[in-house]
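As given, the protein sequences belong to chains P and U, one line each in that order.
Going by this note's numbering, the residue at position 377 of the first sequence is 382; the numbering climbs one at a time, nothing skipped.
Going by this note's numbering, the residue at position 134 of the second sequence is 139; the numbering climbs one at a time, nothing skipped.
Take the hints with a grain of salt, since some may be wrong.
[Stated by the list, open to error] Straight-line alpha carbon distances no greater than 30 Å define the calculated DSSO-like cross-link-like pairs of lysine-lysine that follow:
1. P:132 - U:137
2. P:40 - P:387
3. P:37 - U:120
4. P:350 - U:121
5. P:271 - U:121
6. P:132 - U:97
7. U:48 - P:184
8. U:121 - P:225
9. P:344 - U:97
10. U:38 - P:118
11. P:72 - P:149
12. U:120 - P:350
13. P:37 - P:304
14. U:120 - P:225
15. U:25 - P:109
16. U:97 - P:158
17. U:137 - P:271
18. U:137 - P:118
19. U:120 - P:344
20. P:375 - P:16
21. P:311 - U:48
22. U:121 - P:304
23. P:184 - U:137
24. U:128 - P:271
25. P:350 - U:128
26. U:121 - P:118
27. U:97 - P:268
28. U:120 - P:375
29. P:350 - U:137
30. U:120 - P:271
31. U:97 - P:109
32. P:344 - U:137
[What the hints assert, rightly or not] Simulated restraints on C-beta separations:
33. P:252 - U:45: 46 to 56 Å
34. U:38 - P:326: 51 to 61 Å
35. P:351 - U:126: 22 to 32 Å
36. P:141 - U:111: 51 to 61 Å
37. P:343 - U:34: 37 to 47 Å
38. P:322 - U:95: 35 to 45 Å
For the record, the hints were derived by calculation from the structure and aren't laboratory data.
All residues carry an ideal CB built from backbone N, CA and C; glycine is no exception.
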Amino acid sequence: MAKTIKEINEKIKNGQVVVVTAEEIIDIVEEKGPKKAAEEVDVVTTGTFGPMCSSGIYFNIGHSKPKIKLGGGKCTLNDVPVYSGFAAVDLFLGATALPEDDPKNQIFPGEFKYGGGYVIHELVSGKDLRLQATAYGTNCYPRKRLETYINIKDLNEAILFNIRNCYQNYNCAVNLSDKVIYTYMGTLRPNLGNANYCSAGQLSPLLNDPYYKTIGIGTKIFLGGGIGYVSWWGTQHNPSVKRNELGIPVAPAGTLALIGDLKQMKPEWLMGTSFLGYGVSLIVGVGIPIPILDEEIVKYTAVRDKDIVTQIVDYSKDYPEGISNSLGQVNYQQLRSGKINIRGKDVPTGALSSYSKAKEIAEILKDWIKKGDFILTEPVAKLPGAESGYTFKSLKERHLNF
Amino acid sequence: MIFNNKRKDSDKRIVLHFPKRLVDQPIVYRLVKDYDVAFNILKAYVTPQEEGLMVIELIGDDEKCQKAKDFLRSCGVRIQPLSQDVRRNEAKCTDCGVCVPICPTGALVVDNFTKKVLFYENKCIACELCVKVCPTRAMEVRF
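Bound-form chain P, shown alone (with noise of 0.2 Å):
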């Protein structure tokens, strides 16, 4: 028997909704059947706290007194450069901006001790922040110069807008040369020294829903501690590649475009973060909720870690060079576990994704719900499908004719 949003709804309206996350559901699906199961359970709650480079917030500071016109020219906030190239007082910072001053990767390998992700932590945790501006000046906008503390709280928006997230799936990355590397992936120490993931595996969002059949534009979420929405697909989306019996990628796929308002945010859920040798970026906490409508759908939730298989992928040769080889599968549960084999080494795991933090956000928004504080959202659009032959594509070099 299917069940619609709006009747989902009507149960959380009256207190009688079913909420699980998407690691209980997992032994209800087992123990009643999913026929069972999604007769009983209304919505399951997803989570994720990873990375994510592709990050940024927009703001708008309001008019100073004479007026300045930042787009075209030059701003800082906490000596970070942020992007002015809109109207008079819009901004834009992004996760992995950096101090213009800073040693970057001269001296290798690089700190990172400040950049973008923690500019935009500090401005959700209420701090003042010192904006320092200057203009070239028009008969509308005659001022030059600005110098001044911004907080949260005065400007007019504050909104955060994740170009990608959400991956549905991601590579274990490792290092097959013989002198330790610093990545996105963290330190890889030589000759498969470690093996690092990052993925909430059995409780991440579209490995949840790996068809989106639930999940499209317009999906009401639970972003960085406030109340988000799916705005777009992510970039980078690639549904197309290959799938397992179960429809779940075994490599990096979908991803998500997400869109909230930063006022409403945490700082514990939006942590600016520094990988050493590569650069700084923000760790955010998402939670995306999957209505129960039937029981392909509860299948589909019910995913264990060992169900999930991803990539081994070189990040000393193979990455960085754009080939594609994989040296092997491996499964979350195998992850997990603490230690993986490869090429008959015993290799050590790490995550860079919080498991625990992505339990904690699914159980945040499974009481939302429950309490009658989240109303779910009919999606308005599709995200393009694993049929849609939608791919990520390289870049194309051409040569420059001057």
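Keeping the supplied structure of chain P fixed, place chain U upon it in accordance with the hints.
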């Protein structure tokens, strides 16, 4: 905190702080020569014009190690148990676990049930490998 003090005094993995005036004096060799205590140097820094720092593990029976430590103190060396060196800032740790395969002594492990990262200070040798690989800089060095 009597319990704590007792534990500290029996520690064999210790951090030695040498004041500037002692940096140019041969002191630790006397642990072997006069006190019959062997040691394994886990780490050492000598900063000219500043202080010297050495992390050692004493190897020998308790009484001899105690006498060796008393001797070091009498020379003006400040002794601190090693477990105080690397600490975890609980507010910053996200329990991701990327530090776990980096730790050479198994002081950082994932709890199988909660999936949280446990930090066993007594196993930590303060190599500081975790300090730099921690994405949120939750592992902090305190001297």
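Hint by hint, here is what the structure shows:
1. About 26 Å separates the Cα atoms of residue 132 (chain P) and residue 137 (chain U), which keeps this hinted pair within 30 Å; it holds.
2. Only pairs whose Cα atoms come within 30 Å are accepted, and residue 40 (chain P) paired with residue 387 (chain P) is accepted, the gap being roughly 26 Å.
3. Restraint check for residue 37 (chain P) and residue 120 (chain U): the C-alpha separation of about 26 Å stays at or below 30 Å, so the hint holds.
4. With a CA separation close to 26 Å, the supplied pair residue 350 (chain P) and residue 121 (chain U) stays within the 30 Å bound.
5. In summary, the hint linking residue 271 (chain P) to residue 121 (chain U) is supported, as the alpha carbons are separated by about 21 Å, within the 30 Å threshold.
6. For the proposed pair residue 132 (chain P) and residue 97 (chain U), the alpha carbon gap of about 17 Å is at most 30 Å, so the pair holds.
7. Note on residue 48 (chain U) and residue 184 (chain P): the hinted pairing holds, with a Cα-Cα distance of about 22 Å set against a maximum of 30 Å.
8. For the hint pairing residue 121 (chain U) with residue 225 (chain P), the CA-to-CA distance comes to about 28 Å; that is within 30 Å, so the pair holds.
9. Straight-line distance between C-alpha atoms of residue 344 (chain P) and residue 97 (chain U) comes to about 25 Å, which keeps the hinted pair within the 30 Å bound.
10. Using a Cα cut-off of 30 Å, the hinted pair residue 38 (chain U) and residue 118 (chain P) is violated, with the two alpha carbons roughly 45 Å apart.
11. A C-alpha spacing of about 9 Å is found between residue 72 (chain P) and residue 149 (chain P), which places the hinted pair at or below 30 Å, so the restraint holds.
12. Restraint check for residue 120 (chain U) and residue 350 (chain P): satisfied, since their Cα atoms lie roughly 24 Å apart, inside the 30 Å limit.
13. For the given pair, residue 37 (chain P) sits about 12 Å from residue 304 (chain P) by alpha-carbon distance, which is consistent with the 30 Å threshold.
14. The suggested pairing of residue 120 (chain U) with residue 225 (chain P) holds, with an alpha-carbon distance near 28 Å, which does not exceed 30 Å.
15. For the hint pairing residue 25 (chain U) with residue 109 (chain P), the CA-to-CA distance comes to about 34 Å; that exceeds 30 Å, so the pair is violated.
16. In summary, the hint linking residue 97 (chain U) to residue 158 (chain P) is supported, as the alpha carbons are separated by about 24 Å, within the 30 Å threshold.
17. Taking the CA atoms of residue 137 (chain U) and residue 271 (chain P), the gap is about 26 Å. The hint holds against a cut of 30 Å.
18. Restraint check for residue 137 (chain U) and residue 118 (chain P): satisfied, since their Cα atoms lie roughly 10 Å apart, inside the 30 Å limit.
19. A threshold of 30 Å between alpha carbons decides the hint, and for residue 120 (chain U) with residue 344 (chain P) the separation of about 15 Å falls inside it, so the pair holds.
20. Among the hinted pairs, residue 375 (chain P) with residue 16 (chain P) is consistent with the structure: their alpha-carbon atoms are about 9 Å apart, no more than 30 Å.
21. Taken as a hint, the residue 311 (chain P) and residue 48 (chain U) pair is broken in the structure, with Cα atoms around 41 Å apart against an allowance of 30 Å.
22. Distance restraint check for residue 121 (chain U) and residue 304 (chain P): the Cα-Cα separation of roughly 28 Å lies within the 30 Å cut-off, and the hinted pair is therefore satisfied.
23. A distance of roughly 17 Å separates the Cα atoms of residue 184 (chain P) and residue 137 (chain U); the hinted pair therefore holds under the 30 Å criterion.
24. Distance check on the hinted pair: residue 128 (chain U) and residue 271 (chain P) sit about 34 Å apart at the alpha-carbon level, beyond 30 Å; violated.
25. Under the criterion of a C-alpha separation no larger than 30 Å, the hint pairing residue 350 (chain P) with residue 128 (chain U) is consistent with the structure, at around 25 Å.
26. For the proposed pair residue 121 (chain U) and residue 118 (chain P), the alpha carbon gap of about 25 Å is at most 30 Å, so the pair holds.
27. A threshold of 30 Å between alpha carbons decides the hint, and for residue 97 (chain U) with residue 268 (chain P) the separation of about 21 Å falls inside it, so the pair holds.
28. Taking the CA atoms of residue 120 (chain U) and residue 375 (chain P), the gap is about 25 Å. The hint holds against a cut of 30 Å.
29. The suggested pairing of residue 350 (chain P) with residue 137 (chain U) holds, with an alpha-carbon distance near 26 Å, which does not exceed 30 Å.
30. Restraint check for residue 120 (chain U) and residue 271 (chain P): the C-alpha separation of about 23 Å stays at or below 30 Å, so the hint holds.
31. For the hint linking residue 97 (chain U) to residue 109 (chain P), the alpha-carbon distance of about 23 Å falls within 30 Å, and the restraint holds.
32. At most 30 Å may separate the alpha-carbon atoms for a hinted pair to count; residue 344 (chain P) and residue 137 (chain U) meet this at roughly 22 Å.
33. The hinted range of 46 to 56 Å is satisfied by residue 252 (chain P) and residue 45 (chain U), whose Cβ atoms lie roughly 54 Å apart.
34. A hinted range of 51 to 61 Å for the beta carbons of residue 38 (chain U) and residue 326 (chain P) is consistent with their spacing of about 56 Å.
35. Under the hint 22 to 32 Å, the C-beta atoms of residue 351 (chain P) and residue 126 (chain U), about 26 Å apart, fit the expected range.
36. Residue 141 (chain P) and residue 111 (chain U) have their C-beta atoms about 59 Å apart, which keeps the hinted 51 to 61 Å range intact.
37. Separated by about 41 Å at the C-beta atoms, residue 343 (chain P) and residue 34 (chain U) satisfy the suggested range of 37 to 47 Å.
38. In this structure the hint that residue 322 (chain P) and residue 95 (chain U) lie 35 to 45 Å apart at CB holds, the actual value being about 38 Å.
When held up to the earlier numbered hints, the structure conflicts with 10, 15, 21, 24 and fits the remainder.
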